[in-house]
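Quick note, the sequences are listed as chains X, W and R, same order.
Mapping to our numbering: the first sequence position 323 is 323, numbers consecutive.
Position in the second sequence (first residue = 1) + 340 = our numbering.
Position in the third sequence (first residue = 1) + 680 = our numbering.
Please note that the accuracy of each hint is not assured.
[As the list claims (entries may be wrong)] For each label pair, taking beta carbons as the anchor points, the in silico distance ranges come out as: (1) R:Q872 x W:A399: 42 to 48 Å; (2) W:A432 x X:A136: 35 to 41 Å; (3) X:G194 x W:A432: 16 to 22 Å.
[Claimed, not checked] Derived lysine to aspartate or glutamate pairs resembling EDC-like cross-links, with alpha carbons at most 16 Å apart: (4) W:K390 x R:E911; (5) X:K198 x W:E622; (6) R:K878 x X:D12; (7) R:K730 x W:E571; (8) W:K538 x R:E911; (9) X:K333 x W:D422; (10) W:K538 x R:E962; (11) X:K50 x R:E911; (12) X:K198 x W:D549.
[Unchecked claim] Not the full set, but computed from the structure, chain R residues with beta-carbon under 8 Å of chain X: (13) Y731; (14) H805; (15) G827; (16) A864; (17) P880; (18) Y948; (19) I969; (20) A977; (21) P982; (22) Q992.
Hints listed in this document are in silico derivations from the structure and should not be mistaken for laboratory results.
Where a beta carbon is used, it is the ideal one built from N, C-alpha and C, also for glycine.
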Amino acid sequence: MPAREQAHALSDLAARFGLELRGDGTTAITGVGTLGGAGPGQLSFLANPKYRRELADTAAAAVVLAEADAAHCPVPCLVARDPYSAFARIAALFETRPEAPAGIHASAVVAADADVAADAHVGPHASIGARSRIGAGAVIGPGCVIGEDCEVGPGCVLVARVTLVARVRLGARVRIHPGAVLGADGFGLAMQEGRWIKVPQLGGVVVGDDCEIGANTTIDRGAIEDTVLEEDVRLDNQVQVGHNVRIGAHTAMAGCVAVAGSARIGRYCLIGGAAGIAGHLEICDRVTITAMSFVTASIDTPGEYSSGMPVQDARVWRRNAARFRQLDLLARKIGGRTKD
Amino acid sequence: MPAREQAHALSDLAARFGLELRGDGTTAITGVGTLGGAGPGQLSFLANPKYRRELADTAAAAVVLAEADAAHCPVPCLVARDPYSAFARIAALFETRPEAPAGIHASAVVAADADVAADAHVGPHASIGARSRIGAGAVIGPGCVIGEDCEVGPGCVLVARVTLVARVRLGARVRIHPGAVLGADGFGLAMQEGRWIKVPQLGGVVVGDDCEIGANTTIDRGAIEDTVLEEDVRLDNQVQVGHNVRIGAHTAMAGCVAVAGSARIGRYCLIGGAAGIAGHLEICDRVTITAMSFVTASIDTPGEYSSGMPVQDARVWRRNAARFRQLDLLARKIGGRTKD
Amino acid sequence: MPAREQAHALSDLAARFGLELRGDGTTAITGVGTLGGAGPGQLSFLANPKYRRELADTAAAAVVLAEADAAHCPVPCLVARDPYSAFARIAALFETRPEAPAGIHASAVVAADADVAADAHVGPHASIGARSRIGAGAVIGPGCVIGEDCEVGPGCVLVARVTLVARVRLGARVRIHPGAVLGADGFGLAMQEGRWIKVPQLGGVVVGDDCEIGANTTIDRGAIEDTVLEEDVRLDNQVQVGHNVRIGAHTAMAGCVAVAGSARIGRYCLIGGAAGIAGHLEICDRVTITAMSFVTASIDTPGEYSSGMPVQDARVWRRNAARFRQLDLLARKIGGRTKD
């Protein structure tokens, strides 16, 4: 990691981020670390109670923590109402940003009628198709392919090898990680006389401001209308979003979630890893789906929903699974009734 | 979206696609839309009964629909036996195809002994390896990597950033979406004295005519013989196909399906999203596997099979899952018997 | 496939790999094949007992097999304690390696302060970022993107279109398949006043010697410390590894496994396809997780664990799943007790 020679006095950090300082404000902070791993000059944080026992022995220079933990902190600290988000903002000071000078790399290929802002960066081996526009300060990393009729808003970062196939419109400050593919054909097929015929996918993809899209995630373009992510949607890696889906603002999905076509998902939802969401259904705002669960019908009540089955010893599991296969018979035998 | 200035008289569409016209045949059609979203000049369709209630209020210029719905249509209509496939064929008239002029882009790298048809398109930053052949009219989009000893049949479209690693043979008119990887090493390992040794993957991948392969889908090459997709197989995004798998003609798989090595899947199968298929088994023709189900053994009877468990309220789920862990004990207590 | 004109006398193979020869040692071996598919000149093997019935009719020139099967072999054979690993080593003789001459392709873009070994290969349209180092004999295939501050050890092979985002350090002889993304931002988010803020991801990824990483697999870099794969870890395609995960030496994961952040997985574990592993837990050495299972809590006892539910006829399944939704009520009715 390149040295970033900078030091911040703890008192300066307290002032800048609106936190309460306890202890020596002249403490110099030159980086961050975990409670267990931090050394001299490093700022750590305590947010998850399960790490509280590591506080007493920390070698960190200082710690961001909640009021209740401050008394037990052996080093100077910054007291925050929400230590995790306070730490996140401070840590950003120590983030390394890859070089991305304004201008178009000599190896990049840009269509004659594409429009690239003067201060945007277009990296090596990137290509930009007809009628596409790249906004002010945007970064198009190495190997990205921007197809035709796309818009990349101001301040967007396409890290590397991102593909926007066609008719993809990104708002401001959207961040997309390598291998992601937006705007590929949706999976539309009709069977005719024993063969599939392809249903044309004429829509696009619209991504709101401040969204983040993970590595190797795929978001298909709509069949007729657009696939839509509202603002501040956060998708982890390897998420699949089918055509015509709509995802509400501030919703987050962990890795490997699969969302089938035309599902509508509300705002402030949290979808756990590898969960599946069937198509043509609606999930209201503020729904949490736990990991590896399967949503097959609309949900109209906020709350937490599950169907991921935890492992057990394989021999026991096999016996239980065998019983499951006759659960209805078993239930009938004892007079149970299905009324769900 | 670029303007495609074209209009088709409704009567012309009826004649061209063999549909029955009802109402004003001079109606000009300039595009398509959904029943709820279509406006002037747009053709819509009604195939799924759940949208029937939107017919009365549609602002579409005309609608493709079934005989039974024609009487309720407030605008001119085209009557089809199968409205969805009729609409698909008409909508293709309004599809925009990206520019792909014949010839090899100056930035592409083509091996001296590769063979590219004169009317094929090889886009920016594509590379084509030794002894590979690109057929007539094929499109190799930007950033594609074609390795050694591959064949791309006539009329194939590799949209962008597709990789054919080695010994991949595509039939005619195969369409592959960005990020797909065909012909990577299968996952062959042998444990020897506490370390893995790699089993060489000497086979290839054979893909039949008219197949379509989704974004970020992976299809490994065979260990000794080939991994095979017969004609007209349709794979959605993020599907994983292990080495030596064989998939029968006209089978379709939705997103995120995982197929383990050496599975043999029949013709006209439908595999729902995120389903898993274990290795070394056989599935007969015309089997439907619903989403998020797990096939662990061969299936020799056509029909529909499931094991995806729907979500419920998380607290209730946890109680039920805890009971499941002792289902066999419970069943014994009431004298149930496993005979599946 | 290019002709590789080479023949090995069976007796030479026996001597070279320490196997016992039975039958005519002058038999010339020019390639390999399956028991059912092999023809003249081809060596086959018998390791899985379910293929034993194919031995009697094999047209292979010779077969690698276990002592117990030798008597039933109709052709010359090589007797091995472990026929599969013996075959793997012999088959490597017939493997075709793609051309990868030493040097940097004219179309590649290498940062001025990057360091590429003289005998390394950097292919077409690859790019290598600031301060990164490529070791002796390493192969950086076409379209790879190596970001800043990365290290690629001696003998590594990045087949094509691999991305190392930043601060990724590979040991010796690591093999990475196309589309894999190492070192993307981990999925770190904090909610503040109704909006997500991004938690900087300041760590890297460390990959030990002899690891193999499948196509379109993603491994995020750590939030503060590193994400770590110890030596000889083998990941199949489309595996997702979250930030701060640690995977022990010699562990193998089949396709589509998802590992959430901060999980610690032991040595010599086998994780079946599409299994999910929750975050912030620990799995001890020598644990097998069967396919499509979900690990929600730490495992401290070696053994096999499952929760993947096999399909059954969809109508029967629906009745059983409906009963499951009230399993706790059912169990209470018959006086069952949860004590797991």
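Taking the hints in turn, this is what the structure says about them:
At roughly 43 Å, the beta carbons of R:Q872 and W:A399 sit within the given window of 42 to 48 Å. For the hinted restraint 35 to 41 Å between W:A432 and X:A136, the CB-CB distance of approximately 38 Å keeps it satisfied. Range check, X:G194 to W:A432: Cβ separation about 19 Å, and the 16 to 22 Å hint holds. With a C-alpha separation of about 55 Å, the suggested pair W:K390 and R:E911 falls outside the 16 Å cut-off, and the hint is violated.
Note on X:K198 and W:E622: the hinted pairing is violated, with a Cα-Cα distance of about 28 Å set against a maximum of 16 Å. Straight-line distance between C-alpha atoms of R:K878 and X:D12 comes to about 22 Å, which puts the hinted pair past the 16 Å bound. Distance restraint check for R:K730 and W:E571: the Cα-Cα separation of roughly 30 Å exceeds the 16 Å cut-off, and the hinted pair is therefore not satisfied. For the suggested pair W:K538 and R:E911, the alpha carbons sit about 14 Å apart, so the restraint of at most 16 Å is met.
With a C-alpha separation of about 46 Å, the suggested pair X:K333 and W:D422 falls outside the 16 Å cut-off, and the hint is violated. Between W:K538 and R:E962 the CA atoms are separated by roughly 28 Å; this puts the pair beyond 16 Å, and the hint is violated. The hinted pair formed by X:K50 and R:E911 fails the criterion: a straight-line CA distance of about 30 Å is larger than 16 Å. The straight-line distance between the Cα atoms of X:K198 and W:D549 is roughly 14 Å, inside the 16 Å bound, and the hint therefore holds.
Hint status for R:Y731 relative to chain X: violated, with the closest Cβ pair at about 25 Å, above 8 Å. Proximity of R:H805 to chain X holds as hinted, the smallest CB-CB distance being about 5 Å (cut-off 8 Å). Here the hint on R:G827 is kept, as its CB sits about 6 Å from the closest CB of chain X, short of 8 Å. Interface hint status for R:A864: upheld, as the beta-carbon distance to the closest one in chain X is roughly 4 Å, under 8 Å.
Annotation: interface hint on R:P880 holds; nearest CB of chain X at approximately 4 Å, less than 8 Å. A least Cβ separation of about 17 Å between R:Y948 and chain X goes past the 8 Å threshold, and the interface hint is therefore violated. A least Cβ separation of about 7 Å between R:I969 and chain X falls short of the 8 Å threshold, and the interface hint therefore holds. Because the closest C-beta pair between R:A977 and chain X is about 7 Å apart, less than 8 Å, the hint holds.
Taken as an interface hint, R:P982 does not check out: its beta carbon lies about 11 Å from the nearest beta carbon of chain X, beyond 8 Å. Checking R:Q992 against chain X: minimum C-beta separation of about 6 Å stays under 8 Å; hint holds.
The earlier numbered hints that this structure contradicts are 4, 5, 6, 7, 9, 10, 11, 13, 18, 21.
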